[in-house]
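**Student:** My request is simple: use the sequences and hints to build the entire structure.
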Amino acid sequence: MPGLGTSFGRGGATDHQQDLQNADVITIMGSNMAENHPVGFQWVMEARERGATVVHVDPRFTRTSAMATKHVGIRAGTDIAYLGGIVNYILSNDRHFEEYVKHFTNARVIVGEPFADTEDADGLFSGWDPEQSEYDVTTWQYDGTKVHAAAGKRGKGFAPGEGETEPGGGEPPAEDWTLQDPRCVFQILKRHYARYTPERVAEICGCSVEDFLWHCEELCRNSGRERTGSICYAVGWTQHTVGVQIIRTAAIIQLLLGNIGRPGGMILALRGHASIQGSTDIPTLYDLLPGYLTHPQTKDYGSLAAYVRATTPSNGFYGNADAYMVSLMKAWWGPNATEENDWCFDYLPRVDEDNSVYWTVGQMLEGNVKGYIIAGENPAIGSANGRAQRLALGRLEWLVVRDLVEIESASFWYDSPEVESGEVSPETIGTEVFFMPASSHLEKDGSFTNTQRLLQWHFRAVEPREDARSELWFYYQLGKKIQERLKDSEDPKDRPIQQLRWNYPTSGELEEPSAEAVLQEINGWDDRGQALASYTLLKADGSTSCGCWIYCGVYAGGTNMAARRVPHWEQAYVALQWGWAWPSNRHLIYNRASADPEGKPWSERKRLVWWDSEQAKWVGYDTPDFEADKPPSFRPQPDAHGPDAIGGDKPFIMQADGLGWLYAPQGLVDGPLPTHYEPHESPFDNPLYDQRANPARLQNDLAEDPSNPVAGEGGSDEYPYVVTTYRLTEHHTAGGMTRFTPYLSELQPQMFVEVHPDLAAERGLEHGGWATIVTARSAIEARVMVTDRMRPVTVAGKVHHQVGLPYHWGQRGLTTGGAANDLAHMTIEPNVNIQEVKAFTCDIRPGRRPRGPKLTELVAGKRAAAYAKRDGAERAEPESERWT
Amino acid sequence: MRLGEVLGSWPLVKQLREGDPLGLGKAAQSGASVRLQPRIASADTVAQSICPFCAVGCAQLAYVKDGKVIQVEGDPASPISRGRLCPKGAASKNMHDGPLREYKVKYRRPYGTHWEELELDQAMDMIADRIVETRNATWQETTEDGAPAHRTLGIGNLGGATLDNEENYLMKKLLTALGIVQVENQARI
Amino acid sequence: MTDLAQPTGSPAAWPDTYGDEAKPRMGFFTDTSICIGCKACEVACKEWNLIPEDGLVWTGESYDNTSSLNANTWRHVTFVEQRKQMHLDPIDVESGDVATATREGGPQPLRWLMESDVCKHCTHAGCLDVCPTGALFRTEFGTVVVQEDVCNGCGYCVPACPFGVIDRRHLPRQAEDAPLLMDLLGKKEDGRVWKCTLCYDRLKGGHEPACAKACPTNSIQFGELDELRERAGKRLEKLQAERWNGARLYGHDAGDGVGGFGAFFLLLDEPEVYGLPPDPVVPTAHLPRLWKSTALAAAAMFVGLAAAFVGGGE
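If you're matching them up, the sequences are chains Y, A and H in order. The working numbering numbers the first residue of the first sequence as 1 and each following residue consecutively. The working numbering numbers the first residue of the second sequence as 1 and each following residue consecutively. The working numbering numbers the first residue of the third sequence as 1 and each following residue consecutively.
Derived by calculation from the structure, the hints in this document are not laboratory data. Check the hints yourself; a few may be wrong.
Straight line, CA to CA, 30 Å or less: simulated DSBU-like cross-link-like pairs of lysine-lysine [as the list claims (entries may be wrong)]:
no.	chain 1	residue 1	chain 2	residue 2
1	Y	K798	H	K204
2	A	K68	H	K204
3	H	K204	Y	K70
4	Y	K481	H	K238
5	Y	K869	H	K84
6	A	K65	H	K204
7	Y	K481	A	K104
8	A	K104	Y	K480
9	Y	K102	Y	K617
10	Y	K480	Y	K493
11	Y	K299	Y	K156
Label-pair distances were calculated between CB atoms; the ranges are [to be verified]:
no.	chain 1	residue 1	chain 2	residue 2	range
12	H	A241	Y	H767	35 to 45 Å
13	Y	R845	H	L50	36 to 46 Å
14	A	K104	H	G233	55 to 65 Å
15	A	E141	Y	T428	28 to 38 Å
16	Y	G542	A	K104	55 to 65 Å
17	A	E141	Y	S514	53 to 63 Å
The structure presented is a predicted model; accordingly, all values stated were derived computationally and were not measured. Cβ atoms here follow ideal geometry from the backbone N, Cα and C, with glycine treated the same way.
**Tutor:** So, in structure tokens, the structure goes:
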């Protein structure tokens, strides 16, 4: 979530879904909201009924497009060109919300001399190191100071022990409030996007100039004091090698139009799993600790305090990160964490730059990872390059799979496509596999954090049957057993596990641990054992304990706030008494921005939170996302740090400067401004720069993950089409919960491929027949759906067809079919290590795929033919960083 | 049964008595139809739940009778979903008690060609043993450059976006304490 | 007669046969202009009514794989892909020629119609008229329901439905290339007929039908038919003012061949486009009168006997 996190301060949707009804224009892009979030989509329909314009920008015409005022079809992977064109439209026509931009964003800040733009270096920013294939991110810093981003790779460019570098008083030292200085962010932005003209957008994206301009005008028309607009996105944006930067472009648009923090103005990140937000808040992610604290790396920080300063801003509420961190260590190691032992800081294992899941798969393939636990995920189908995923599982010593049904990640050793093709067999796979049946949501207590940061408790309805157990039970009992085995060890490495606070009350025959007790630990206690009401009460002296500082308050007053269910008809639309939203039950974050710098609502129509001078506090319909009694006129002392460095007119309280970041001077590894690059695999050159694709993307040298040749290389004509993968309403992700369910299987009972009639004619594909889709990784088959909905686009004067593939299927379940992800590659985005499955290249041919060894022959033969052509041609661009 | 009741239940007599000479309305109502009640009315308990599929967070009500879920439907009180569900949410019960759900531990030994049965507790012991052994065998106190590491790169863990916060919390806490850093989930966004 | 009587197009046997027990006539207004084709209605219906899965058959008919209303599918979402615009451009309104209207440089017009179809609960219901066993009846809510404890599977009602809704239960459909499933061999369904009951049991308990409750966008609206008809009229006016292409009501008119639907629709094209009959007529239009004579004759024969018991039985 560093796209939102670096821009605004927090890695979460800025608003609640219901507030979409207050939007005057809604752009849905990188999301098929009607299909994948149908119930949330009711709020889009409410807005449409109230007269809002709804625009769907997408390579495909989907059920969302069918409901939109207009669908604008674009070529997959050209989102930044499109959005950058909107930025250009706003700036070149002076349509930005000037007061908002001047006061609430970093438009006025002067950027340091070392910064050079892609416009001056043909697609590379300053600081590019071709040998390391990475940027020196310090060249992007503000003039006269160094700031940390509130999210992302916050340690980058800061040496351990560097100490506080952020400006005292929070204000960057060099600014131009007239926004005229050529090195101020506003002017840099203007120059950076000047070439993203409507004509250029149409040429790159394949949409019409007319549709694009109409969209720009709808956005601008619905901006300002009286009107607001919202943007909804999902993994259609994230799953690109430039995914984070796409989201950043949306953040720039929303800041320029003055939408963030205001009713009906938001960026809504639509998440695909029940608690995907929760699993980043309490991260089961290698590079984070709970509450978006950076996981310490293999560096000698010196101390916990020094690590905190090296990895978080010292201004704003991250200025108190030491309190969050010490409280976390107290939650984990209790009385064993003391000031004397630096709060057990050395108990934390250290991570490398990249220990992400795709790196791990590479390590598995090379035999370096021995054991693996999979809980509620199906990488054999859901991760890019399914063949590599399954081969990797087959090189483990042991594997635990926990799921409701026997998914492909558990059965790969006897029924995978590789077993069918004869590449491997049970006799050649040495992995010991434990399949452990899991509990369904109806069989356990616990909380999910939904897409709007709202924690909602669910109660157990029935006990799980036979061996089925919750993850809570599994990890708790597993920890107990491991503690038992290590209790007498004198090896210092076992001390963190021996001393771990690991006692939760259990109940019933199954000895299910109490989820509520765990939630209490997450919320935290003071030194008297009282539940804390807010993260502002956390201390760095060891007197408080808190398992996730942003969740502090979810058990305020000893009440499970996540379980509150006051009906919506008994409260205002913000619904503060239903569940609990982090932080501090604020539903529309940065809502200080709903008032002008003086604290008055921008307009009656868009009133939400404002300064009440009589009561001397912020009041309104939502919990103010601001210190309640800090007046708009407050100005920090010049040496102030932490929250005290945030002025009364700065709504972005997590940021080092309290401002919305149009330009991100730190936190991202691939640039301070979004720039159009082609996908890793693309049949097109980059019309804007010689640099074709994101130079910072992470490639690999795995034999199991070959790439298709791309534009500028010979052989790209072997894979001439762009394929995009997606979900359908009727199924869920890799299908574990739906392909095995009768009522859903009958609604979408077979894998299919969607193609336009012209492409069908071009390739001899017959509606209802079969097609085989081939990449350098694999080939799968699918039934052919010929449809106008796969609208062709005109790119650089030529008609271009795209191929659509849902990715729900695999070899198991009630309905089976080819796994689209088998076709995808593992070149990943450099900030968040996500796969690029929304745009890669393929070939498509009529008929079913060959069976047995002939499948391997088909894939290898085609690859060899392509590579033979490529090897004759010169490589068009420098190698990017390789992660293996 | 008295003759009157017998005859009274004859369709035609019933039709006439109930003013429904064509037998299309009340007179045609069978005893079962008269007594008909929605099955949720007979539920022993109703659990407040949340849909397990996407992240919209629709509220559900799970009706339970005799220890079994008999119906799952939307909770109208929710300000987000207002009682509505998509097809996946509406199929929650079908997912929960689907024909392919697994309830027993299955074990596959290295190079084995079939699943074997295994007691749950034994499986837990074996997994705990594996973790301890692999961790010992692959422990890395410092990196090659001598920087602190305190970890194992020999074990990984995947999953979490479908799980509860409390489950993710215990997972992260335990694995971090064990020095397992390759903890990852679907949320790579 | 109660004061619940409809001014026109009142169904036979409702509300009069229910006396004080009669409830307002309930129905569905399915507004396809806000249908997102998610099929929650199909699933919610199956979950509530415990309807069997109807086989795994990929049809290639857009996103529709359940194909039709039948004994195993009581809500069915139709998908229609069209080269038409959703809204009429002002310039096209005059000529009315919008089907092929394209703008220079813009993409081909395209719209994707979705409609959740259901039993119409006709005011004059053919199925009900021909049912010889009394399995089909008009409920106190004015809806038409099959009583499975009475139905003997004679199937007379099947051809009597002008919409092809009511159907005898069949084994799950099989894909043409599917291997025969052994567990289905030799199995037969009992042949009783099934269709939407407008969730009669839920209505009796004060709950709305499962499909309407689940519908994410409120495309399926449940309520008192009078109120729904009024709402639909206003809705049509709004859509027409917004230049929606082809907006019209279907089954709204009490003067049509089935006396109006208890479950009616707002469509965005001709009914045929959705696979609906343009001018449905109840095939038993003249039957009630015939049956009425028969019934009266029969009644006369037994009147003496019956009166003895009815009058003095207690």
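**Student:** Are the hints correct? Go through all of them and say.
**Tutor:** Cross-check of the supplied hints:
no. : hint                          : in the structure
1   : K798(Y) / K204(H)             : violated, 62 Å
2   : K68(A) / K204(H)              : holds, 23 Å
3   : K204(H) / K70(Y)              : violated, 43 Å
4   : K481(Y) / K238(H)             : violated, 66 Å
5   : K869(Y) / K84(H)              : violated, 44 Å
6   : K65(A) / K204(H)              : holds, 20 Å
7   : K481(Y) / K104(A)             : holds, 21 Å
8   : K104(A) / K480(Y)             : holds, 22 Å
9   : K102(Y) / K617(Y)             : holds, 24 Å
10  : K480(Y) / K493(Y)             : holds, 17 Å
11  : K299(Y) / K156(Y)             : holds, 12 Å
12  : A241(H) / H767(Y): 35 to 45 Å : holds, 38 Å
13  : R845(Y) / L50(H): 36 to 46 Å  : holds, 44 Å
14  : K104(A) / G233(H): 55 to 65 Å : holds, 59 Å
15  : E141(A) / T428(Y): 28 to 38 Å : holds, 35 Å
16  : G542(Y) / K104(A): 55 to 65 Å : violated, 46 Å
17  : E141(A) / S514(Y): 53 to 63 Å : violated, 36 Å
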